[in-house]
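Hey, can you work out the whole structure from these sequences and the hints?
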Amino acid sequence: MGKIGGGALKRSTPVTLLSAQVFDNVTTTKNSSGVDCRGYREGLLHLDMLSTLTPTTIQFILQFSDDGGTTWRSHLQGPWASMFFEDTVMASQIYEAYSFPVVGKLFRLRAVAVGTSATLKFTVTAKVEFRN
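The numbering used here applies: residue 1001 is where the sequence shown begins, and numbers increase by one.
Among the clues, some could well be false.
Unchecked claim - Straight-line Cα separation of at most 25 Å, PhoX-like style, residue types lysine-lysine; simulated pairs:
1) 1010 / 1121
2) 1010 / 1127
3) 1030 / 1121
4) 1127 / 1105
5) 1127 / 1030
6) 1105 / 1010
Quick caveat, the hints were computed from the structure, so don't treat them as lab data.
Following this line, the structure appears as structure tokens:
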């Protein structure tokens, strides 16, 4: 384990939030299950995204809850204020990783796709891990 400021670096096991989730004419919005992130200060989101033909955009919204998942608040600061990906930027498939501050007890990912159909699709695998 690495050390930060004399203490051991604590890192969680990666958790799959979305597993090859298809966004098409049936599914345009998806919320992952909540993940306990208490005791961590930072998260790392891994996104593997594939676009088929030319869907318009997909947005990723980080959400946190302090009441056990009853109320979810969107984290809309920095790049997360408008984390959109367009099909033209993806050029079919991309792999990205982003860090973010932990601002609640539970974390989930919300994905919203626009311009999809039975043939115009996004396929997303998303994983998260946390560290102190």
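Quick rundown of the hints versus the structure:
1. 1010 / 1121: violated (37 Å)
2. 1010 / 1127: Since the Cα atoms of residue 1010 and residue 1127 sit roughly 18 Å apart, the hinted pair holds (cutoff 25 Å).
3. 1030 / 1121: Status holds; Cα separation ~14 Å.
4. 1127 / 1105: Given pair residue 1127, residue 1105 holds - Cα atoms ~17 Å apart, limit 25 Å.
5. 1127 / 1030: With Cα atoms ~14 Å apart, residue 1127 and residue 1030 stay inside 25 Å; holds.
6. 1105 / 1010: Since the Cα atoms of residue 1105 and residue 1010 sit roughly 17 Å apart, the hinted pair holds (cutoff 25 Å).
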